[in-house]
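There are 2 protein chains.
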Amino acid sequence: MAQILITGGTGFIGKHLIRRLIKTGHNVTALIRPTSEVKDTPSITYRVYEGTYASVEAVFQKQSFDTVIHLASLAQYDCSPEQIAPMIETNITLGTLLLQAMKQYGCSHFINTSTYWQHYRGEAYQPICLYAATKKAFEDIIDFYTLDGTIRAISLTLYDVYGYEDPRNKLLNLLIKNRHVGKSFDLSPGEQKLQMTFIDDVVDAYIQAMNFLPNTPKNHTIYGVYGQGTYTLKDIVAMLETLTGAPFSIQWGQKAYYPFQIMDPSFGKKLPHWEAKVSLKEGLSIILEKEAAS
Amino acid sequence: MAQILITGGTGFIGKHLIRRLIKTGHNVTALIRPTSEVKDTPSITYRVYEGTYASVEAVFQKQSFDTVIHLASLAQYDCSPEQIAPMIETNITLGTLLLQAMKQYGCSHFINTSTYWQHYRGEAYQPICLYAATKKAFEDIIDFYTLDGTIRAISLTLYDVYGYEDPRNKLLNLLIKNRHVGKSFDLSPGEQKLQMTFIDDVVDAYIQAMNFLPNTPKNHTIYGVYGQGTYTLKDIVAMLETLTGAPFSIQWGQKAYYPFQIMDPSFGKKLPHWEAKVSLKEGLSIILEKEAAS
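Residue numbers (our numbering), protein chains in the order written: chain A, 89 to 382; chain B, 89 to 382.
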């Protein structure tokens, strides 16, 4: 049983991951914002991050941790000028404060979350938006904190994570939610290829990253979390259409692609000893089953 | 005559650079902190950065700029936990807000300041301290803002900049200041090699970077600002001793090296069409002459 501190625990991946961690006997503390809404769960300890080092330090003073899993992020393609400072605070400063506290209180395992949006046109690094740039910026800060080897880190590069109990306003969720009401959607031409990774597989990846961390070749190693093959957005919607049996009303091409749309994702080294198990068809079917049962 | 916005204008390099820019007919606006002390100079326009995008935007609304020269930084090897947030704010957020305003108001030339401390043991990237990591992090953010080519940037990698009228508590300044009072100094063993670059040469480099920016191979290009050869700290002090004729009282080895001391700096591509003109001996002599004349 490990003592785990997790950020982003109230988000889509965080909730699923916490559930699994608790189920497998781990002790979970979630670092949350004062504004986060949480259902009080006796199995989770909540601590509040007030935006200061003192509030992070207080968490480490109360308790020892084996691993910190860092999922919290302000993740969006567009960033208004007023959002720049909060985005840097969430995506860079919070993680840096965590690493500092880990160093100070002797916690040595860190799992970080990165994004394939850092890799426009397959470049080793070319971000498509400020969010992706801040993710790379934070990887660079991890490189400092892991330099002397007292902290070891894995950054997991995520692709398009999808699944059940997903509160995000992502297209798949909106299509499923509105499948009986004939709502019309204006979309891009839809030829961009996506690597869809099912939530249960992503949760597996975080668990595997925790286990594999002592064996990584570098103090900070970046691994991809992706399954086999990509699908165009059009293919994905068509598959969902077949599974639901209800045709969607979609105006393809009514919206433009992102200015730096990734049309064909690139793939770095995959997390060792981990494989995505759930195919896209299976994943979509599971979502629809869970949706029907709820 | 170019319209230039400069940050860090009240620092050592900034003051020298502004003087040269004004002397060569440029129009200089200095973005300063509310706490910065400035002597009112009719030839410089001062604007205040309040830590917000609104305060940066106000500067660009009042005036058009051809080039932004970004020198402001919180530059130090050690960083207490409480300094992490201010360091990220100064070294990452401020620059990002500048780039955002440049994008919004059509300013297309950006000169940034990086450090050789980003290159422990000659690595393409391995920072020796958080300051160096934040410098790299900001380079990553520049990569996003220069992606579409409307903004072009050069990051200048600086080494050990020294010179006259230097208010910093650096060793050379302290030795010169105390050369008649027999003050004793506890230092590291002193075998670390340093690339000393004279302030006038560094000012030349910023001017040359402005001129060269339209011809760089990439939208964001990183160039080194360094002269020929390195000297150990011991050699440098010995040279200064010879020039002043006064022996210093130094206990070599009484202090430890930095945990990740760079013993032998590495050198990336040098800024094209620029050469350091001032040798270390000449530079030290100029400092002593100016010191004697003042």
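No wet-lab data here; the hints were simulated from the structure. Do not take every clue at face value.
Note that identical chains are pooled: a pair holds if it fits in a single copy or bridges any two copies.
In silico DSS-like pairs for lysine-lysine, Cα to Cα no more than 30 Å straight-line [to be verified]:
#1 369 / 281
#2 306 / 357
#3 191 / 369
#4 258 / 191
#5 191 / 343
#6 265 / 322
#7 111 / 258
#8 357 / 378
#9 343 / 111
#10 127 / 258
#11 191 / 111
Since the model is a prediction, treat every value here as computed from it, not as a measurement.
Let me make sure I understand: some of the numbered hints might not hold for this structure. Which ones are they, in numerical order?
Of the numbered hints given earlier, those the structure breaks are 3, 8 and 9, listed in rising order.
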